[in-house]
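Q: Add chain B to chain A, keeping to what the hints say.
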Amino acid sequence: MIALRDFLPYLGKRVLGAIGVLIGAMLLVFFISYILNPNPAHLWAGARASKSTIAAVIARYHLDQPWYVQLYYFLQSYVTGNLGVDPQTGKSIISEMAFYFPNTLELVLVSMVMIAVLGVASGYFAGMHFGTKIDHSIRIFYLATWSSPYYLGGFLAILVFSSYIPLFPSGGMYSLTLGNQPAHITGLYILDALIQLNGPAFLSGLQHVFMPAAVLALLDFGLVARIMRSSILNARWSTHVKAARAKGMEEGEVRRNHILRNALIDTNTIIAVTFGFLLSGTIVIEEIFAWPGIGYFTYQAIVSINYPVLVPCVLLFTLGVIVANFIADVFYSLLDPRIALGEGGGSEG
Amino acid sequence: MKPLRKRAVSRTILGVVLIVIILVASAGIYFGFMSGTGKSSTTSSSSTTSTGSSTTSSSSTTTTSSGQTKTSLQVDELTEPDYLDPAVTYETSGWEVVEQIYQGLLTYNGSSYTTYEGVLASGWTISPDGMNYTFELRPNVVFSNGDPFNAYVMWYSVYRTLVMNQAPSWILSQNLIAGNGMSFNVTDSMLNSINYFNPSSSNLTVMNRPDQSVVALNASAIQFNLGYGYNGVEPYSAFLATLVTPMAYAVDPAVVASHGGVVADTENDYMTTNALGTGFYELQSWVLGQSVSLVKNQNYWANSLPKSQLNNAIAPAILNDIIIYYKDSATSIADLRAGSVQMIGVPVTYYNVTAPISGVKTAILPIEFGSSEDVHYLYMDTQAFPLFNNIDVRKAIANAIDYQDIIRIVFSGHAQQWIGPVPPGFQYYNESTAGLSPYQYSPVQAAVYLAQAGFVAHLPNGTTLNPGGRQFPTVSFLYDSDNPTDEGAAEIILSNLGAIGIPITLAALPFRQYATTIDSPSSTNSSFAMGFGYYSEDYTASIDYVSYFTTANQIGTSAYVDSQVLNYTYQADAALNGSTIVAAFRSITQSMYQNYTDIWLYVPEFMAVTANGVTGIFPNPAGSGMGYFLYYNTISYTS
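These protein sequences, in sequence, are chains A and B.
Going by our numbering, the first sequence opens with residue 1, and the numbers climb by one from there.
Going by our numbering, the second sequence opens with residue 1001, and the numbers climb by one from there.
Pulled out of the complex, with its shape left as it was, chain A reads as follows (with noise of 0.2 Å):
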């Protein structure tokens, strides 16, 4: 069991860590964005804007400020808690955040479970069948998977499982044609159906985010089978395995506990990052399937330089892949009691 006064000074650490990571990351895209353009006024107001307009837009972010003075108002917004207000659509972007996100969370989550099962069980298959064709065929398939691009793959799925064979919907998150929505209470679609019970739109959150879902785990879980495979491979061939079977422990048990659970511990690193990628990654995949993610918003400020709006994206990218390296950490001394939190072994993200 992980004691609380070993795991306390651990995260303390790491807390310590990724607040230095996302102040980096704050300050990175500020200055860029200032680099690209200091004065985006026109741009965030919008073509044709009147004079009065973009005067309000200066006024407002203090745009015709030195940097230093724009960088000190843009912090405060965030000392005091307040991310400000979206230059392009007046609204607050925490609130703006708030909608996004869960979309995105949710299909990375349906994702993430397709990537494990399918890169664990290919991996588990391809490394127990070294060698054999199921091996070569299980890699041909995650190699030419892995290096096709998430345009191609979303767009071949829409013209064959929309258009051809029309099983799923082509884009967005649930049918509209539904009489009856589930509430908003966790802003997942299909969990929120699911608390309130309501079948039609679970299926209807199911069926959309099927596809999208599938493009994302079908052309990640390359990355993982790879490992999966590799860590088989290893485990199998290692002395303790060998022993085990000679002191005659049965075959079923050895794969499960000598071989399986040993090569889970790199794959589980491989898995958390992943996630933690993913939630950033899915900008293309969410454009072509109309699914309305937090990579659709980072977008749409990435072409208008809107900085305001762009900085607390990334920060929550950057989140992402800490919190997704930190539980990766852990899970690794979970698995492997060899392997102390801090102590090397766990990828110190």
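Hints in this document: simulated from the structure, not taken from any laboratory.
Among the hints, erroneous ones may be present.
Short derived list, chain B residues pointing at chain A, Cβ under 7 Å [unchecked claim]:
{"id": "1", "residue": "Asp-1265"}
{"id": "2", "residue": "Leu-1288"}
{"id": "3", "residue": "Gln-1290"}
{"id": "4", "residue": "Ala-1338"}
{"id": "5", "residue": "Lys-1361"}
{"id": "6", "residue": "Gln-1440"}
{"id": "7", "residue": "Thr-1516"}
A quick note: this is a predicted structure, and the numbers were derived from the prediction, not measured.
Positions of the beta carbon are idealized from the N, C-alpha and C atoms, including for glycine.
A: For chain B alone, kept in the frame of chain A given last:
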């Protein structure tokens, strides 16, 4: 630090926990289906739609007992609305939605874009000097929430647009101001303090005051007095067209008041994403980044009117629901092919893809539809790059471009060359361009002009002209990276200009940055001295285009200012008869053509793509609906 030990958990316990979770989830889903289905059926019983499907396919959700007539239409298009507030929205996709929910005094008559019919107005008169427009309003008009519409509400709505002063408000402020700009100014606090449904005598004193832009004569009559806007004390030939835009749509003062009221120079957060008007549809939902859903307004004021009093713009909606999804072109085509949507908005470059799809109509519309979407040209900013002041350089560029190659390769032939600034197909285009031919590709002539300008130039056969001259410096050429046709055309122009001795480097910006760059005032910054310009209508009138090209003085209009041409523009602005307008437009066209101010390039054609069973569309270049019609109310769909 000591290694942290993992808690040993019995596999049996884990297994039991897992089974319990699965059982609970299964039970939840099962009971959810039962209760959810029941709720859904109850909800939908008020309409003729059936339930049971959760896909976006209308064919399975909207079939009536006959199995033929549909009550729902599903649509895919590229861009979602910018805003839903009529005073703020400035993009086609926003206008499309707003036009179904809100209404103005008048609109274009059917498919005509030069004649008008009443919407909230039953009729109107124009004073002989063109300075006063008086509208009689229809009785018994109400908003979808039951609030009444009257002349005081209209007074409020127009002034609200002017006081909020958002990007498109200039459409009205050309001729109107909030008050009279001198002794009487209408302010946000004034707008927020008046009772428009039952005005007091002091309220009426304000709204009846004759010396202001908008006068509520009584509850059923309203007058617009021109001459207070920045156009000066003159009539305006396209004033009615400006009143067709959302800027002059009726907004419910009570709804605005309950969500923050009017604030000068500021948009209203609530109104930008919510909508409530007098129109035939209501906003059911706007899922940002995904879709807009409209549902028939059951409380629509024209429901009770006899057919003889209806026109296409006020007739009650035929379809119960319109759902507009925002998807890229490839996905839209896939949806249309699958039958899950009935109308899609895709560029004409997809003509060869959609035309062969069975059960689908793909029609190329007359060129005015392309013109209202966008006209394209090449700008040369003389202020940023002084060499463009040399007319021989401009002539060289005009002769160096292979226009037909661009149209053939980039647009597969579905574009037309044009001569600006009046757009092709629009009123007075033929008269304005009479006797002129579009610029022609002539690389020999181009090289000669470049040599005349003092630069080294190359003929197609490899001969160098003026070898002792200067090398033409490299110019940065701006285009919109979100527009694939821009990229294709830019590459051809890169090759064309390079061949005669004008080296350019391509500079791409995403659309939003591109649009704000070309709309910026010209300066000595040569980062984007040359590039593609485009213009889309703000309202359907030739003068809208002419004014942009002759008065804007921006990067995207070649920083062009010519006092004589300006005078012609002002003449056309204020003219009350067609012959004066034609004479002014002709002079402007010839002057810009001979001066090579902008290099007029092409106008892409516009196509309509619908399922065969979709009928009742009134195509109109003024429309924002899929870019080619105004209202969904007349559309029906049978499969």
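Q: Does Lys-1361(B) pass the interface hint, meaning its C-beta sits closer than 7 Å to a C-beta of chain A?
A: Hint on Lys-1361(B): violated, closest Cβ of chain A at ~18 Å, above 7 Å.
Q: Holds or violated: Leu-1288(B) as interface residue toward chain A, Cβ cutoff 7 Å?
A: Since chain A brings a Cβ to about 5 Å from Leu-1288(B), closer than 7 Å, the hint holds.
Q: So, as I understand it, the hint says Thr-1516(B) touches chain A; can you test that by seeing if any CB pair is closer than 7 Å?
A: holds, 5 Å
Q: Taking 7 Å as the limit, does the beta-carbon of Gln-1440(B) come near enough to a beta-carbon in chain A?
A: It is violated, given that the least Cβ distance between Gln-1440(B) and chain A is near 32 Å, above 7 Å.
Q: Just to be careful: measuring from the Cβ of Gln-1290(B) to every Cβ in chain A, is the smallest value less than 7 Å?
A: holds, 5 Å
Q: Using the nearest Cβ pair, does Ala-1338(B) come within less than 7 Å of chain A?
A: holds, 4 Å
Q: A closest beta-carbon separation below 7 Å is what the hint needs, so does Asp-1265(B) meet it against chain A?
A: holds, 6 Å
Hints 5 and 6 from the list above are not met by this structure, while the remaining hints are.
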